[in-house]
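Participant: Read off the chains here:
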Amino acid sequence: MGYEPQADFGTPEISSDTQVCLTIDGRKVTVPAGTSLMRAAATCGGSIPSLCATDSLEAFGSCRMCLVEIEGRRGTPASCTTPAEEGMVVHTQSKRLARLRKGVMELYISDHPLDCLTCSANNDCELQDAAAEVGLRDVRYGYAGANHLGLATDSSNPYFDFDPSKCIACSRCVRACDEVQGTLALTIDGRGFASKVSAGQASDDFFSSECVSCGACVQACPTATLQEKAVKEIGKPERAVVTTCAYCGVGCTFRAEMRGEQLVRMVPWKDGKANHGHSCVKGRFAWGYANHQDRITRPMIRESIDQPWREVSWDEALSHTAARLNTIKAQSGARALGGITSSRCTNEEVWLVQKLVRAGFGSNNVDTCARVCHSPTGYGLSKTYGTSAGTQDFDSVMDADVVMVIGANPTDGHPVFASRLKRRLRQGARLIVIDPRRIDLVRSPHIEAAHHLALQPGTNVAVLTAMAHAIVTERLADEQFIRERCDWDEYQDWAQFVAQDRHSPEVLEPVTRVPAEELRKAARLYATGGNGAIYYGLGVTEHSQGSSTVMAIANLAMVTGNIGRRGVGVNPLRGQNNVQGSCDMGSFPHELPGYRHIAGAEVRASFEADWLVSLDPEPGLRIPNMLDAALDGSFRALYVQGEDILQSDPNTHHVAAGLKAMDLVIVHDLFLNETANYAHVFLPGSTFLEKTGTFTNAERRIQMVRKVMEPANGMEDWQVTQALAQAMGLDWNYSDSGQIMDEISRLTPTFAGVSHARLDAEGSLQWPVDSAHPDGSPIMHVDGFVRGKGKFMVTDYVPTDERTGPRYPLLLTTGRTLSQYNVGAQTRRTANTIWHPEDLLEMHPADAENRGLKDGDWARLASRTGETTLRVTVTDRVAPGVVYTTFHHPATQANVVTTEYSDWATNCPEYKVTAVQVVPSNGPSEWQESYASWSEKSRRINRVAGE
Amino acid sequence: MEITRLRYMADQIARNLVPHGEALAIEGTFQHIRDYWDPRMKAAILADDPLALSPIAAAAVVMLAQPDR
Chain A
1 MGYEPQADFG TPEISSDTQV CLTIDGRKVT VPAGTSLMRA AATCGGSIPS LCATDSLEAF
61 GSCRMCLVEI EGRRGTPASC TTPAEEGMVV HTQSKRLARL RKGVMELYIS DHPLDCLTCS
121 ANNDCELQDA AAEVGLRDVR YGYAGANHLG LATDSSNPYF DFDPSKCIAC SRCVRACDEV
181 QGTLALTIDG RGFASKVSAG QASDDFFSSE CVSCGACVQA CPTATLQEKA VKEIGKPERA
241 VVTTCAYCGV GCTFRAEMRG EQLVRMVPWK DGKANHGHSC VKGRFAWGYA NHQDRITRPM
301 IRESIDQPWR EVSWDEALSH TAARLNTIKA QSGARALGGI TSSRCTNEEV WLVQKLVRAG
361 FGSNNVDTCA RVCHSPTGYG LSKTYGTSAG TQDFDSVMDA DVVMVIGANP TDGHPVFASR
421 LKRRLRQGAR LIVIDPRRID LVRSPHIEAA HHLALQPGTN VAVLTAMAHA IVTERLADEQ
481 FIRERCDWDE YQDWAQFVAQ DRHSPEVLEP VTRVPAEELR KAARLYATGG NGAIYYGLGV
541 TEHSQGSSTV MAIANLAMVT GNIGRRGVGV NPLRGQNNVQ GSCDMGSFPH ELPGYRHIAG
601 AEVRASFEAD WLVSLDPEPG LRIPNMLDAA LDGSFRALYV QGEDILQSDP NTHHVAAGLK
661 AMDLVIVHDL FLNETANYAH VFLPGSTFLE KTGTFTNAER RIQMVRKVME PANGMEDWQV
721 TQALAQAMGL DWNYSDSGQI MDEISRLTPT FAGVSHARLD AEGSLQWPVD SAHPDGSPIM
781 HVDGFVRGKG KFMVTDYVPT DERTGPRYPL LLTTGRTLSQ YNVGAQTRRT ANTIWHPEDL
841 LEMHPADAEN RGLKDGDWAR LASRTGETTL RVTVTDRVAP GVVYTTFHHP ATQANVVTTE
901 YSDWATNCPE YKVTAVQVVP SNGPSEWQES YASWSEKSRR INRVAGE
Chain B
1001 MEITRLRYMA DQIARNLVPH GEALAIEGTF QHIRDYWDPR MKAAILADDP LALSPIAAAA
1061 VVMLAQPDR
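Residue numbers (my numbering), protein chains in the order written: chain A, 1 to 947; chain B, 1001 to 1069.
So that you can see chain B by itself, here it is in the shape it has in the complex:
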């Protein structure tokens, strides 16, 4: 998957959830990726450099990596 496209998608989700506050935005971005992204998209964003993402999206991806989530 084209990683720049996935980064854009993750950041765009995060940007639209910012008004809910940081914690909810992180949780919301995580849930969105978990619920709507195909496994290869998740794998690609998990393998990506977190610094290439906005802080909220990066935190959501960290959450995605947790096996109990």
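Excised from the complex, chain A in its bound form:
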């Protein structure tokens, strides 16, 4: 498409069963009752000038530009605040209206810089447009009066400027921060002529304020007051392409607005079903990594990891790699080879990597980052409900009455969903938070959790079973739902189990550290408060009982009947952009795409017939097993696409030892990441801006990723994998990624109705898309569970083997921040580092005091597996005995400390519980020093001469 801003209807869309018909400027228009006259006019192609109205915000009625005349009524009401009524006859243009509007414009322009030609918003400014629409030619008041033209620009935010001299005090930014983002960081300070937009207190600028840089205010601003720095530097975009964000699992869609091959800005797409025109600091602004100087765009190889890299041609890199793979396969068999797919890559790319492993390497040794995040979700929901995915779409939360957030921090990890959740909470829904930390949702502007169960890390199953105990023994179970939808005998067994005294909140209180009465109140609220919806994250899955916890959550939803309709459900908040998709595409070593076990002869045969190969019927190795097998010499070659297991996986020393033991490590990535320090081949990757394919978000929504610029490395990632397969002798000839999707839909029943053409036409589809659900499935298990009857699973609390003691008396739990993403490979290469330049250790004041530690002090964090140093931040967000940090920075490498303990069913690491000690320190650990030195040495590159 050429460059046009998205159409703005002035006020939000209204949903109503009643339609009203009216006449606007002689045109008949029918709209839902409650629709504003402004929107009704826009719907039939009309245009009413306005400045304070935009369709992402509720009508405000302050600018007095959108006045209209209504036959039979006196005055000139504002069209933004006047609802359309049956039979109304409206006129949007008249001499009187023109005079009024021009008068208003004169007032605005009398206090506005007349620098349109040099203004960054020139030709993209609603004030300029309005002036043109009303035919403003002069300002009767002159420009010499008191004005705001001398006010200084606030450039403190790295991505946008605030120039108050251009502000027209329309409050759109303030309302966007309130209504859309829900942070309420902005306000209009002062009155009358002194009114001005203010970020926080008088001493604050945008950077020091509560602003979370979501960009909603910038998007809402009708002038150049709030403007992206990139627009100022580059100029107005000339075209826009709709694509999908490559950060978290919310799956926001954006208009990538371009000038030539240069990305000017990412503007959230109002028609995006996941984000409805909202964004966060990562998706909106943190895309600069795509052109970062660290980006590697040429293939490189080396014989051993102590050598410098040598740049080579694609032909040499691929033939060398294929030869090495074929040699190892001939020497040690197919099961000595494996691969790791990327949840940052497209479905099509994931599909090809798992196909390369199964059909090319000849093993099932394929795994993905979901191993270390949501593999327990797949296991737990598959056992109880019959499918490995969340049950709702994001919009469902707007029908929830009680929201239970367990082990998730949506405002940091899934900020755009969090904004919608906060909107629902502001409307009156009740909130239960189960988390060891006091996350922001517990108490923030206009939001306060009804219950915060600050449990001891590692006791999720005990807490949820105690809630089930309260629900069952207090006779709050939804017996009708259970009889209709679940196996009644299994329910009775489960109910008998949870009703045992040993599962009561009172008996478990010493274990969970959750006051029994508070827990009972939370259970009652969830069971009886109306539509109850559960949202959970890695605080559920990354435990030795991660799968049990997921099943315990599924049990709670079933026992209360909170499944199978809008406003309820079990919703895993997926970490990476395409972690749902990478799981769907057959990235687990025991199952083919669509979650079908590899041992199933019929399913296997369908792939064998399509791929013309024989497939190994035995499960392959999971990532931790690959590393174990490498140490005994039976696993020798690994192809890693778009993941950095050295930094992201637990027990870094063990990961390093495993990688070091391999004969061939192939890293396919944008940067020389930490894993690449142990690699022999580096295949340069492409960013999400440089490829076409699809991502599937946490609500099973499949959306197009569209190429907006040519790959800097010359190939999209699927093309690299195909070239490697061809070099190994495989007859692959996909000419575009749409052909890969055709193969996916041919072989995966839940994707049967999916194609790029259909996604282009419809925007998105939520799987399953099959003959039973031809238009997709926003809500699952509506008339029955996928597995038939819902299955109650007995989940007994089994304490983790990771115990505190005199040597390691504290419990470490890890998590993420808003501004950084996963291992930080992308966000550390953007200005987002201004908010989070290093990993910090949160520690309770009592624990800090006991150790003589103050805010900002360096401390040594040690567990039985390793130690690192980082600075302390003293806070009562964490309970005494609990410390918390992030894993975004390789210089800290928090996973040096985490252990090999993992979920019993899936081996998802127990990141959330590590026994540690913290002591004052005055410098980096021995490991940090040696790793920094090793890393620098490992990244040496012998460039091609003359380049």
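These aren't lab readings, by the way, just hints derived from the structure by calculation. Be aware that one or more of the hints could be misleading.
Straight-line alpha carbon distances no greater than 30 Å define the calculated DSS-like cross-link-like pairs of lysine-lysine that follow [unchecked claim]:
{"#": "1", "chain 1": "A", "residue 1": "K660", "chain 2": "A", "residue 2": "K937"}
{"#": "2", "chain 1": "A", "residue 1": "K383", "chain 2": "B", "residue 2": "K1042"}
{"#": "3", "chain 1": "B", "residue 1": "K1042", "chain 2": "A", "residue 2": "K791"}
Start from chain A and add chain B according to the hints.
Facilitator: Quick look at chain B alone, frame taken from chain A:
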């Protein structure tokens, strides 16, 4: 494969299935190992000393050894 690691994994699976009763726990542990473990892991646990495992895990491994399972 590091046998102590495999023993731990097998015992951990068994421990989490105990509430289902002994027979179901044995069957469940067997099925889990059958469905999720790579052949070299299965071979290593089959070759191991059953006394090094918990009784449920050991019984599951016996089941794993039966060719008709």
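Participant: Tell me the numbers of any earlier hints that the structure contravenes, in ascending order.
Facilitator: none
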